[in-house]
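Student: Listed here are the chains, written in short residue letters.
2 protein chains.
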Amino acid sequence: MAKEFVKDITSMDEDFAQWYTDVVTKADLVDYSSVRGSMIIRPYGYALWENIKGALDRRIKETGHENVYMPLFIPESLLEKEKDHIEGFAPEVAWVTHGGSEELTERLCVRPTSEVLFCEHYKNIIHSFRDLPKLYNQWSNVVRWEKTTRPFLRTLEFLWQEGHTCHATDEEALEETEKMLDVYAEIAEKYLAIPVIKGQKTDKEKFAGAKLTYTIESLMHDGKALQTATSHHFGDGFAKAFGIQYTDKDGKLQYVHQTSWGFTTRVIGAMIMVHGDDRGLIIPPKVAPTELMILPIAQHKEGVLDHAYELKEKLSAKFRTGIDASDKKPGWKFNEYEMKGVPLRLEVGPKDIEKGQAVLVRRDTGEKEFVPQDQLETRISDLLEEIQQNLFNKAKEKQLEKTYTATNYEEFKQTFDQKSGFVKAMWCGETACEEKIKEETGVTSRCIPNEGEKISVECVCCGKEAEKMVYWAKAY
Amino acid sequence: MAKEFVKDITSMDEDFAQWYTDVVTKADLVDYSSVRGSMIIRPYGYALWENIKGALDRRIKETGHENVYMPLFIPESLLEKEKDHIEGFAPEVAWVTHGGSEELTERLCVRPTSEVLFCEHYKNIIHSFRDLPKLYNQWSNVVRWEKTTRPFLRTLEFLWQEGHTCHATDEEALEETEKMLDVYAEIAEKYLAIPVIKGQKTDKEKFAGAKLTYTIESLMHDGKALQTATSHHFGDGFAKAFGIQYTDKDGKLQYVHQTSWGFTTRVIGAMIMVHGDDRGLIIPPKVAPTELMILPIAQHKEGVLDHAYELKEKLSAKFRTGIDASDKKPGWKFNEYEMKGVPLRLEVGPKDIEKGQAVLVRRDTGEKEFVPQDQLETRISDLLEEIQQNLFNKAKEKQLEKTYTATNYEEFKQTFDQKSGFVKAMWCGETACEEKIKEETGVTSRCIPNEGEKISVECVCCGKEAEKMVYWAKAY
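Protein chains in written order, with the numbering used here: chain P, 80 to 555; chain D, 80 to 555.
Each hint should be verified, as a subset may be incorrect.
One copy or two, it doesn't matter: identical chains are merged, so the pair holds either way.
Taking lysine-lysine and the DSBU-like style, the derived pairs with C-alpha atoms no more than 35 Å apart in a straight line are [what the hints assert, rightly or not]:
| # | residue 1 | residue 2 |
| --- | --- | --- |
| 1 | K226 | K553 |
| 2 | K391 | K328 |
| 3 | K365 | K132 |
| 4 | K105 | K258 |
| 5 | K543 | K412 |
| 6 | K283 | K412 |
| 7 | K328 | K226 |
| 8 | K328 | K105 |
| 9 | K331 | K412 |
| 10 | K393 | K258 |
| 11 | K473 | K319 |
| 12 | K202 | K391 |
| 13 | K543 | K226 |
| 14 | K481 | K430 |
| 15 | K380 | K140 |
| 16 | K515 | K140 |
| 17 | K477 | K160 |
Worth flagging that the hints you see were computed from the coordinates, not collected in a lab. Owing to the predicted nature of the structure, the values given are computational and were not obtained by experimental measurement.
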């Protein structure tokens, strides 16, 4: 019976891509518009983003950063100042050529990222060691001219934060890069319940203009990896290109050392693909727009609605609480809020009122329990914590199950032929091996984990001596 | 002595425009970049915007609205769907013509406002009377290709919120338009301490595509008016152009009735020009990034810094509290935080510690008082409220002082020749009179106030019968 209500969602195992599209649109997260590759983030999706943003913004401020806002447009000549950077981004920027009815003398690029704007500003405001560090962050929209797009995962325009910092020394910049990677990992694991692998990108995969890129990588339900957030160490490359110098304590001119780090709406895609099931979304309580949905049962009976609204009023003080007192059938409502991934459902009808209780149903396990009125708040609080923890544990378990090792190329290829997930394998450090692997298997290096684990001594591709262990995967 | 420190700020009465530029840059609100007409909003300016945004966002949500996010780009054909709208905006939009290295088949406009995107979406999601009202809001950046720009007041790109709502009836839409104007007036008066005149725009001054535009108008220190925020009633004009229809309770197809309303970073410009003085900014406590700045006196003496930091820790729980323990001279610090408009300064030195007191100095009046340690919190709380109220009262008084009346054209012209401010005068309702007045005096109609006050029976320009009383002014 209940099954019928979700017939509109394709089964995950049948067609994961279609399941994803069904879920993001039918759970009212996004809608399409006539703007190619762009999405409309609907109230339910945006409330989710606001919760994630709120948690991350708090951590960004607690770690000493200040928010600023830079212009949307970048003059072409400014974008060209750092060679690797422009090479990396030129193929994917949108160009403004006309303002009103006039043609511009210089094209303006719609920011794909804002390194060059921050650099130009830093050159203006940094003069002495007293001005350092500068720890800035910006929340904004950016545009990348992607050919193939999917809501949240890859869109022409997306929302993000980009941190940009300047430091007196290379060590301090490196420390900052690692600190912000840790903040990202914390938000992913503690708030979104997404387990991550922290590590470095290879040279081939690093950010255009960076000396070093750190990443957090996550495994989706289908065994493909998703780069969830990145943190870059620039050294003094941009500083030299832009002339950002300070006078040190000894009166000598020095270049600053920089970082940048970004976290985007893409993480919503990760959350969906890590926790969702055939009934729809499952949203971790800490970021859920609605933690608890109250559904009055037999609401036409005297006293039920009054009681339900009283509960709503009381519980709203502690939890993000919704109520659906519409005239739709209970079965429709159960399925609707399951599809929307609301962590807890509270049912209350005439019998429950008589017995002084309510019914709580968990979205993650489907478990149902009867809870006395006077214990409701405590029990809801405990259950939300349990759900949060359970979602992380389940995802972590699945990630470990889907993490394999390979010590030679045959084994490597075979594993990816038969299974999907992470493969841990040694790598000699040569881009040629990465390219060969990508061409022959579609697999990319995801990261070199910080722990420095080793599983053999030879490169899984060429067999030469290898020091670095890499997480490999097919990726979004 | 103190005077010397602020010699870099031009006197307001000498050159108000230069005073404004000095204040916004020297108080670290903004910086310029190589992007023409755009500004960098620096940490101090952005923290101010975050406080304003936070207060307004709360009220927008309390009044039942939901936040969403629409695309940055609008295809040219979509923008053209409502005739008056495109006519009004075409001259001031930026056009994207290339993505990566390819020329686009259709130009994309960078949103100057998002009516058409909301309309396209509403057509998709509204079907029945049960879907109404739809009360959406978005926080975003928009671009208008302005020729002459000034930080906050008129920039190529600015930040704002834009509300867009759909209703079953014209009356409901009108009610919404008025409700949101009231919310704007509340934020302006209660948070920014800016007194406003609420009223309607004339047809000539209304929004492109609107049936009716409401506005809140404020008077700046130099007697020029500033349109501080607007709220538009669209009737069913956009609904007809986009085919947004719903089935009513009787099964009949009806067009929806719409509104839109916007509040921008421009309000920061208003706040500066209403409250500022020759020493710099004065920021109302409710939106001040720092409400209270602690300055340790003779900080090299034992115990002073420890004591100051303890105070900071304690007061931070209740107030946005800063401390400047740098080795700069007290005189420099006094002037720096006066320039930045911090509402209260707390000084504490060895003698104060001995006497168990601290010194509080108000930014608005310069008044200084000694307050016993155990009464500090209460006194700070009271003073911040007093400052907030005093700023509003002073601004209101100034506005009333600078509001004149005129019953004939000679009197009208003479008043604007000799004085600056609002002139209340009757108007026949003809655009010709508005145009004549603008051409001959540079004065524009600001609004027809909601109260319907009358001061004579003849149009101040043509002498014909007149029903409407208009606030006239030179404006930003």
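Student: For every hint, state whether the structure bears it out.
Tutor: Comparing the hints with the structure gives:
1. In this assembly of identical chains, K226 and K553 lie within 35 Å of each other by CA distance solely inside one copy; the values are 19 Å within and 50 Å between copies.
2. For a Cα distance limit of 35 Å, the shortest separation of K391 from K328 across copies, 29 Å, qualifies, whereas the shortest one inside one copy, 61 Å, does not.
3. Taking the shortest alpha-carbon separations for K365 and K132, both the intra-copy value of 12 Å and the inter-copy value of 23 Å come in at or below 35 Å.
4. In the homo-oligomer, the alpha carbons of K105 and K258 lie at most 35 Å apart only across protomers (32 Å), although the nearest pairing inside one protomer, at 38 Å, exceeds that limit.
5. In this assembly of identical chains, K543 and K412 lie within 35 Å of each other by CA distance neither inside one copy nor across copies; the values are 60 Å within and 63 Å between.
6. Taking the closest pair of Cα atoms, K283 and K412 never come within 35 Å of each other, the shortest separation being 49 Å inside a single copy and 50 Å across copies.
7. For the identical chains of this complex, K328 and K226 are neighbours neither inside a copy (50 Å) nor across copies (45 Å), given an alpha-carbon limit of 35 Å.
8. For a Cα distance limit of 35 Å, the shortest separation of K328 from K105 across copies, 26 Å, qualifies, whereas the shortest one inside one copy, 60 Å, does not.
9. In this assembly of identical chains, the alpha carbons of K331 and K412 lie at most 35 Å apart only when taken from different copies (27 Å versus 69 Å within one copy).
10. Within a single copy, K393 and K258 get their C-alpha atoms only as close as 40 Å, which misses the 35 Å cut-off; across copies the closest is 28 Å, which meets it.
11. When the C-alpha separation of K473 and K319 is checked against a cutoff of 35 Å, the pair qualifies neither within a copy, at 47 Å, nor between copies, at 51 Å.
12. Taking CA atoms no more than 35 Å apart as the test, K202 paired with K391 passes between copies only; the shortest distance there is 32 Å, against 54 Å inside one copy.
13. Taking the shortest Cα distances, K543 and K226 never come within 35 Å of each other, neither inside one copy (37 Å) nor across copies (63 Å).
14. For the homomeric pair K481 and K430, neither the shortest alpha-carbon distance inside one copy (46 Å) nor that between copies (68 Å) is at most 35 Å.
15. When the C-alpha separation of K380 and K140 is checked against a cutoff of 35 Å, the pair qualifies only between copies, where the shortest distance is 32 Å, while the shortest distance within a copy is 50 Å.
16. For the identical chains of this complex, K515 and K140 are neighbours neither inside a copy (43 Å) nor across copies (54 Å), given an alpha-carbon limit of 35 Å.
17. Taking CA atoms no more than 35 Å apart as the test, K477 paired with K160 passes in neither setting, with 45 Å inside one copy and 50 Å between copies.
Hint compliance for this structure: hints 5, 6, 7, 11, 13, 14, 16 and 17 are not met, and every other hint is.
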